[in-house]
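Colleague: Letter by letter, the chains look like this.
Number of protein chains: 2
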Amino acid sequence: MNYIEIIGFIAAFLTTAAFLPQVYQTWKTKDVSGLSLPMLILFFIGVLIWLVYGFLKDSPSMIFANSITVISFFLLIYFKFKYTKSK
Amino acid sequence: MNYIEIIGFIAAFLTTAAFLPQVYQTWKTKDVSGLSLPMLILFFIGVLIWLVYGFLKDSPSMIFANSITVISFFLLIYFKFKYTKSK
Chain Y
1 MNYIEIIGFI AAFLTTAAFL PQVYQTWKTK DVSGLSLPML ILFFIGVLIW
51 LVYGFLKDSP SMIFANSITV ISFFLLIYFK FKYTKSK
Chain W
1 MNYIEIIGFI AAFLTTAAFL PQVYQTWKTK DVSGLSLPML ILFFIGVLIW
51 LVYGFLKDSP SMIFANSITV ISFFLLIYFK FKYTKSK
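In order, the protein sequence lines correspond to chains Y and W. So the first sequence is numbered by full-length UniProt numbering: it starts at 1 and just counts up by one. So the second sequence is numbered by full-length UniProt numbering: it starts at 1 and just counts up by one.
Some hints here could point you the wrong way.
All copies of an identical chain are treated as equivalent in the list; a pair is satisfied when it fits inside any one copy or across any two copies.
[Stated by the list, open to error] As a list, the in silico BS3-like pairs of lysine-lysine whose alpha-carbon atoms are at most 25 Å apart:
hint	residue 1	residue 2
1	57	28
2	85	30
3	82	57
4	28	82
5	30	82
6	28	85
7	57	85
8	30	57
Hints in this document: simulated from the structure, not taken from any laboratory.
All chains, please: the whole structure from these sequences, using the hints.
Modeller: In structure tokens form, the structure reads like this:
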């Protein structure tokens, strides 16, 4: 792995890990009003397509990173609907 | 451009465009309590590193997409501090 790919790996790690504190906070606080539903849905579909791209490119790191992000956004969308209705 | 790169382009478009409605909503509503600050900061740093990666890889589409996302997250972090303090 050359240094450019190490930089890419660090970027992928950060942009994947970033949503874990968001999922935790939303789960704990049920505070979803500030989360934009169009953002959640567009990003979820986008990351699903990145996942397909990762499979087509045979890239284990893209498949791994995007799988985690797909799950994070699936949970955020679930929380958004669940906690918006219960108000 | 082969079909795999067209799929990647669609994914990049969606994951970049996704944050525009978030920026708009946060700007309009000042509702930042549901946005996780660690998420904003980790993702911002991650996308900055993706931008560096895009330059090192000479990838105009990565440079373009990540520049827009860096600006989106810069604005969201600014809103987060501004509207948290004013409460």
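Colleague: Would you mind marking each hint as holding or not holding in the structure?
Modeller: Hints, verified against the model:
1. 57 / 28: Neither: 37 Å inside a chain and 40 Å across chains, both beyond 25 Å.
2. 85 / 30: both (11 Å within a copy, 21 Å between copies)
3. 82 / 57: neither (36 Å within a copy, 42 Å between copies)
4. 28 / 82: both (13 Å within a copy, 23 Å between copies)
5. 30 / 82: The answer is both: 9 Å in one copy and 22 Å across copies each meet 25 Å.
6. 28 / 85: Both: 17 Å inside a chain and 22 Å across chains, each within 25 Å.
7. 57 / 85: This pair counts as neither: shortest intra-copy Cα distance 40 Å, inter-copy 45 Å.
8. 30 / 57: For residue 30 and residue 57, neither the intra-copy (37 Å) nor the inter-copy (41 Å) Cα distance is at most 25 Å.
Hint check: violations occur at hints 1, 3, 7, 8; the rest are consistent with the structure.
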